[in-house]
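A.B. asks: Given next are the chains, with one letter for each unit.
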Amino acid sequence: MINPSQVAVDRDKGNFHYDTDYSFDAGVGLSEEVVRYISEVKNEEPWVLDFRLKALDTFLKKPMPTHWATDDLKNINFDVIRYYLAKGQKPSRTWEEVPDDIKKTFERLGIPEQERKFLAGVEAQFDSEAAYSRMKEDLEKEGVIFVGSTEGLKEYPEIFRKWFGKVIPTSDNKFSALNSAVFSGGSFIYIPPGVKLAQPLQAYFRINAENFGQFERTLIIADEGSEVMYMEGCTAPKFETSTLHSAVVELVALKGAKIQYITVQNWSNNVFNLVTKRALAEEEAEVRWIDCNIGSRLTMKYPGVILRGRKARGEVISIALANDGQHQDTGAKMVHAADETTSNVVSKSISIGKGRSSYRGLVQMPGHLKGCKNNTECDALLINNNSQTDTYPAITVQGDDNSVQHEASVSKVSAEQIFYMQQRGLSEAEAMSLCVNGFVNDLIREFPMEYSVELKRLIELEMEGSVG
Amino acid sequence: MNSLKIENLQASIEDKPILNGLTLEIPKGEVHAIMGPNGSGKSTLAKVLAGHPDYKVTGGTAILDNENLIGMEPDEISRLGLFLAFQYPMEVAGVSIANFIRAARNARLGKDEKVKAVDFYKELYEHMDALGMDRKFTSRSLNDGFSGGEKKRCEILQMSMLNPKYCILDETDSGLDIDALRVVSEGVNRMRNPERGILVITHYQRLLDYIVPDFVHVMSEGKIVRTGGKDLALELEDRGYDWVKQEAVA
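Protein sequence lines, in the order shown, are assigned to chains A and H.
Counting with the numbering used here, you get residues 1 to 468 for the letters of the first sequence.
Counting with the numbering used here, you get residues 1 to 250 for the letters of the second sequence.
Hints were generated in silico from the structure; no laboratory data involved.
Take these hints with a grain of salt, some might be off.
[As the list claims (entries may be wrong)] Simulated crosslink set (BS3-like; lysine-lysine; CA at most 27 angstroms straight-line): (1) H/116 <-> A/456; (2) A/104 <-> A/255; (3) A/74 <-> A/61; (4) A/456 <-> H/136; (5) A/54 <-> A/238; (6) A/141 <-> A/62; (7) H/136 <-> H/114; (8) A/87 <-> A/238; (9) H/28 <-> A/412; (10) A/162 <-> A/62; (11) H/28 <-> H/136; (12) A/196 <-> A/117; (13) H/111 <-> A/456; (14) A/90 <-> A/174; (15) H/114 <-> A/117; (16) A/412 <-> H/56; (17) H/16 <-> H/5; (18) A/456 <-> H/56; (19) H/111 <-> H/136; (20) H/165 <-> H/151; (21) A/196 <-> A/74.
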C-alpha cells in the first residue's frame, strides 16, 4: 500500500537564489595559490597562513575515509569547487547597510524577523563571509565577544588562539584538514566568567553560489560558570551540480559552564555536508549538541564531547530525516576522561523512500575511571519497504565502576496504522506525517519553541509526496 | 437515499473470495446487527466498506446516501460519514488522542479552517466524562499500551467526536469485561438517532442485550442468509449457527 516515493521534495524556503557579483573570487579548484589568496584577502597574520598551508598539506596527504564511510565521497570533485567568494564588505551592523540582494535573501529566510523576536545576537553568512553581524549592546558591555573567524583571530588572539584547532586538530580527518586550509566565516564567541545569556545567539549559513564550498569555522569558549545557547541554521538553493559544506566547530566549556549548540539544517539535496563538531567539557561543565539534519545528499556528522573534568556532562540529541537520494550518516562521540562524567545520546532517524540513515556511536570509558555513566538510545523509523537504516556502535568500556546502557530499535510505519488513521479522515500523507511527528515528538520538545514549530513544518513538507 | 445500501457485494483477498454477493440496507435511524460464525466474512465486510486496500471488490455496490463507496480512498469514505470502530484498534506512538481527533476534525473542514481549541476540548471532555475516561487520557499516545477496554472506549470517543452518518462496530464486545461492555454500549446508545444508521457486528448475543438492534442478520460464507428481529439473536444463542447454515443450504 505504501509505495516508494518519487519525491520532488518541497524545499521552497531555501530554494531560490539571486545573482550576485563577487569582488573576491579565489577561482576554481584547490591549490597553494588559492590558500594564499584567501589569507591575503583577509589580511591575516603569518601564523594563520602557516596554519592554513600545513593544513593543505595534510588534506592532500590524507586518503578519503572510504574504508569505513560511503563510496559516494569519491564523487566530490575538489577541482571544480570554488573555495572563496565574497563581496568584500565588512559585516554590517544594521540590515539597511546589507547589500540588497543579500538582504532580500535573509529576509526571505526570516532572519531579521527572528532577530527582533528572540535573539541576543545574529550573524548571517552569505557564501564565504558574514554579511551581517550584530549583538545586543548590553552583552558587549558585559564582555561577550561574537565575531567572525577572521576578526576573532585578528582582534582577540589572546582569547581565541589558545583553543583554535585544539579541540579538533587539523589532522583529525580529511575534511577538518580541508576546512583548516580554506576556512572563512563562522562564529568566534567568548562568554566571560559567570555571564549567562538569557537569549540565544544565532548564525545563519547560506550558500548562494553554484559549485561552491562553504567552510565556516566556529569556536565558542564559555568561561567558568557562564551559559550560552547558540543556534545555527543552514540552507542552499537546489543546483544541478554538487555543493560542499565542510565546517569545523569547536566548543570549550570551562569549569561549570554550559553550552547548548542547536543545529537545524535544511540543505538542498545536492549538498555534501561533512562537518566536524567537538566539545571539551571541563569540571562540572555541560555541553549539549542538539542536531536536526534534514536534506543534503550526504551528511556525515558525529558531534562529540570530551569529558575532561570531573562530573562533566555531555549530551547529543539528534533527529535525522533521509529522503530519496539522501544519506544521513550521523551519530555521536563521547570520550570519558575524568571520574563521574556522564553522557547521554538520543538519536532518532527516519528513512523515507530509498533514503538511508546510519548511526555511528563511539563511547570510550577507560578502566581507571570511576562512576562514569553513558546512556545511548537510537531509534530508527522506516517509512517504505526500500528505506534503509544501519547502526554501528563502538563502545569501549572498562572498569567495574562505570556503566553503559545502549538501546536501539527499528520500527516501520505499518499499512494497518495508516489505514486506521485514514479511516478517521486523514489523508495518507497526513497520517504518515502524524506518525513521523509522533516518533520524534519527544526530541522536538528539546528545541526552542520558535524552532520546534519550524521543524514540525519541515518534517511535514518532507512527508508530502512520500507515499504513493 | 437515506441509507447505506449494499448490493450484491463481492470481494476477495489474494484471489480468495470472501464476500459472495452480499445485500443489506441500513436506513438512517435503525440499528442492524450482523451475527455469524468465525470466517463467515463479517470483519471483511466492515473493512471492504471502509476501503481497506488489501481487499479487491469484484462486483456490486455500496451506496452511502448517494455515493458509491467502492473504489474510494479510506479517508474519503470516512469524510463522507462512515465510521468503523475497529476490532483491534492500532497503536500510534507519540500521537496524543487529543491531537489525533483534532487532526481528524480538521480534515473535515476547509483548507484554512481549524477547530477552535476551547470548543474542541469542552466537547472532548464531555464525551470522555460520559465514557468514564480520565481526562488525563487526552495526552496519552493513541491506543499505545491501552488495555482492551481502554481501546474500545477510545474508539467510541472518536466515533462520538466525528459525528458520522453511519457507524460500523466490528466485534466491539471482544475483550471487554461486563462493566466496560455496559459503558461502551451506553456510548453507542447515546448515538442512536433518526439521522444515523448503525451496524453492529458481533459473534455473541451478549452485546445485543445492551445495544438492542432493530434487525438481526445472520451471515454465512460471505452472504446474509437470514434476517429477523432481535429475537433471532436469542434463537442463535440457543441453537448455535449450524441450523441457519443448514437451512440456508436447504
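A.B. asks: For each hint given before, does the structure comply? Return the numbers of the non-compliant ones in rising order.
C.D. replies: As far as the earlier hints go, 2, 5, 6, 9, 11, 14, 18, 19 and 21 are violated by this structure, in ascending order.
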